[in-house]
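Visitor: Chains as they are written, first to last, in our numbering: chain S, 1 to 341; chain B, 1 to 424.
A couple of the hints might just be wrong.
Unchecked claim - Cut-off 27 Å, straight-line C-alpha distance, at most; resulting in silico cross-link-like pairs (DSSO-like, lysine-lysine): (1) S:K132 / B:K248; (2) S:K322 / S:K108; (3) S:K322 / S:K291; (4) S:K132 / S:K108; (5) S:K311 / S:K322; (6) B:K248 / B:K298; (7) S:K79 / S:K108; (8) S:K311 / S:K132; (9) S:K132 / B:K5; (10) S:K132 / B:K298; (11) B:K348 / B:K87; (12) S:K132 / S:K322; (13) B:K248 / B:K196; (14) B:K196 / S:K167; (15) B:K87 / S:K132.
To be verified - Which chain B residues stay away from chain S? Per the calculated CB distances, all over 10 Å, these: (16) I13; (17) T22; (18) S115; (19) T192; (20) E194; (21) S294; (22) S392.
Calculated directly from the structure, the hints in this document are not laboratory data. Beta carbons are placed, not taken as given, at the ideal position from N, Cα and C, and that holds for glycine.
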Amino acid sequence: MIYVRTVFLMTLVCITVFGAPSPIIAQIPVSVTLNQEPRIPTPNSNVSFSLISGFTDLNRATISWYVNGSLQRSAVGAKTFIAQSGNGISPRTVRAEIVTQDEAVIVKTAILQPGQVYITWEADTYTPPFFKGRALPTPGSSVRLHADAFLYTSSGNRIPEESLNYKWTINSAVSSLSGVGASDIIVGAPSRYGAMNVSLEVSPNSGNAAGKASVRIESQEPSILLYAHNPNAGAQYLNALSASDTISSNFNTLVLEPFYTAAFSPTDSWLSYTWRVNGVESVTSPDAPNKITLSPTESGDITALVSIIFKNAFSPLVTGEKTWRILIEQAAGNSLFGNQQ
Amino acid sequence: MDISKRTLIIITIGIVFLIIATFGAWFWYISNAENELEELSIGRGLTSFVGGFPTGSTYSNVVDGIIGFLSPGSQEAPSETAPRLWKVADTQVAGIYWTTNDSSAPVLHFITRSSGNIFRADPQTSRTSRLSNTVIPKISEAIFINGDTVFLRSSGEQGIETSLGEIVPPEQVEKPLEATDEEVLAASGPGTLETKALERGMLEFAASPSSDAIFYILPYEDGTAGYVARRDGTEERQIWTSSFFGWKASWVGDHILLVQKGAYRAPGTAYDLYTNGSTQLRVASVEGLSALESSDGKLLFSTAGQDGVGISGIVPSENIIAPPFATLAEKCVWSSANTNIVYCAVPKTLPEISIPDAWYRGEYHFSDSIWRFDTQSGSVSLVYDPEEDSASLDILNPTISLNDSYIGFIDANTGEPWVLRINN
Chain S
1 MIYVRTVFLM TLVCITVFGA PSPIIAQIPV SVTLNQEPRI PTPNSNVSFS LISGFTDLNR
61 ATISWYVNGS LQRSAVGAKT FIAQSGNGIS PRTVRAEIVT QDEAVIVKTA ILQPGQVYIT
121 WEADTYTPPF FKGRALPTPG SSVRLHADAF LYTSSGNRIP EESLNYKWTI NSAVSSLSGV
181 GASDIIVGAP SRYGAMNVSL EVSPNSGNAA GKASVRIESQ EPSILLYAHN PNAGAQYLNA
241 LSASDTISSN FNTLVLEPFY TAAFSPTDSW LSYTWRVNGV ESVTSPDAPN KITLSPTESG
301 DITALVSIIF KNAFSPLVTG EKTWRILIEQ AAGNSLFGNQ Q
Chain B
1 MDISKRTLII ITIGIVFLII ATFGAWFWYI SNAENELEEL SIGRGLTSFV GGFPTGSTYS
61 NVVDGIIGFL SPGSQEAPSE TAPRLWKVAD TQVAGIYWTT NDSSAPVLHF ITRSSGNIFR
121 ADPQTSRTSR LSNTVIPKIS EAIFINGDTV FLRSSGEQGI ETSLGEIVPP EQVEKPLEAT
181 DEEVLAASGP GTLETKALER GMLEFAASPS SDAIFYILPY EDGTAGYVAR RDGTEERQIW
241 TSSFFGWKAS WVGDHILLVQ KGAYRAPGTA YDLYTNGSTQ LRVASVEGLS ALESSDGKLL
301 FSTAGQDGVG ISGIVPSENI IAPPFATLAE KCVWSSANTN IVYCAVPKTL PEISIPDAWY
361 RGEYHFSDSI WRFDTQSGSV SLVYDPEEDS ASLDILNPTI SLNDSYIGFI DANTGEPWVL
421 RINN
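Please construct the entire structure, taking both the sequences and the accompanying hints into account.
Guide: What follows is the structure in structure tokens.
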């Protein structure tokens, strides 16, 4: 028994000391890193690749670059390479084959499948009905952001947007509104005279596709504009009244439109209008506080100095005060009329 | 019996007096009857509705105003070809539309903002005829789908109102073989515009000119939704949703072009939306986007941003050259005869202010000349400079007649309709 135990122990020692051959020859340190810039390329753009190693002398290695299996470049020390990203529908494989001085072969691979991502926006601010322009952001308002993302699987099928990850960054801070399917978010508008930088990275849960986009949104001041108004023709939105202007007595009602103010309607309760005509405060209808009718009490052409102080109770810093000098030309056949509100 | 001469004279005088008195009484009676009719018309109150739009006690002022606006060359004037640049009417219009008369010649239909009356203007005779005399004030927007059918849109106390309007002609007199449309109209008088109210609150609206379909956008949940329906508003079906409210819609062929409302330096997107709900992105991230699609699917689009204002391109772009104009795409119109040709109103100068926003707000007006561009050959030619006729025009909503004979448009300075002859 002692003999058997001794033999067993001796064998164990031999195995331990003189055991399997040391993998010194196979275990050559080959820490080679393939860098890609930009990390998330846009479609049909240049992407730069570079190889870095702390152990292998890449300057003496033969490096060959392939795109989708097709040799593009091969030279000693060719550590950098530029490839086209492609349209994103079909992925592109970029492969670097490194043959060291010791004839070790190292392969590094990257897959390019750029996604197309577009960001658009509009603000939740007031514009008159039928206005053809976009609602712009003003202090105190909110901004709606929307992303269209075109990312594809390796087989060329478009990935449903609702399954993509949306990482929104607002002024360098990742938004808590980010997440899967978060293609639409609402954020606060920039402060007065400010701007916000919005960037977005979109990626699927798996796969190599990725896309990014960015946009800069600047805050505006509300545009307080005055238009002549007629009961039959309505407001004359084609011509905002200038600081000194002329209207016909047929259009003696003036309507103030507070473009881009944080409101649904110019009659919202948090908006206030203080009208003065020739220095005298004028009363308007509570149903239409943004309208005033000029009622000349003399015949002939009349000049009225109309001023308005406009306030938004939710945005105290955003107030408007303007004055217009309005010449009211008597239309042919019109007679004097009384105060009409 | 022997009647004396004196007696005869007295009898004769008496008979003559009686005749004069009779005619005088008859004249007085007729005059009074006309006055009563006029008072009845003036006295119509706001409680009478025609298809959802109030008609009111504005009859006298409105009718007088309309009669007054007809430019020289109206139906009372002798027939003569309109000048090359023809101001059709001295009144603001809500919409214009090219159609043809019974001789297949182009005529322009338009609807006035203040009255909702519809007129026909014939540039070959300079005549303007009233097609409907139903009073519907404050029309903000009118979309014709043919010469007799128009959608009316206005802003009321309860939001945006939209109605389908169809001209019902009067009982027509028997038309002599030699009579023209205008002569028949003059003999028959204008028809009425019968309207049917559609759903309230349509933020945007488009109508198919070739099928019985309309598209409109309504508020929905926290955003909006797009619907298709029959022209009369029945068979409504939701086909699209968006988190945005600001869209412009126009019907092109079998789909709707949706363009995000533009703003200076703001990225915008345009899609084709099909009635089955599928979408195709046409352009994206275009600053100050304005777009115009041809009948064969070419999208002309423009930019307004840091690099200025101008036509950016046409998609699809294979073998297509974009016109090198510093203008907005909505100031252009594709040819009706050749879809490779586009006509554009090009501002002579561009301001150092936010365009298109200031233009949309009515704070600024352009002075345009009209150019023709061939997107295949790249050739460009000046069609017309209004300075030739000492005019300055800011062209809005250009529309082209059959065979590119005329361009009709609204002058944004005044809201009045004009016609320019571009080909003989």
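Visitor: Of the numbered hints stated earlier in the document, which are not met by this structure?
Guide: The structure breaks hints 2, 4, 9, 14, 18; every other hint is satisfied.
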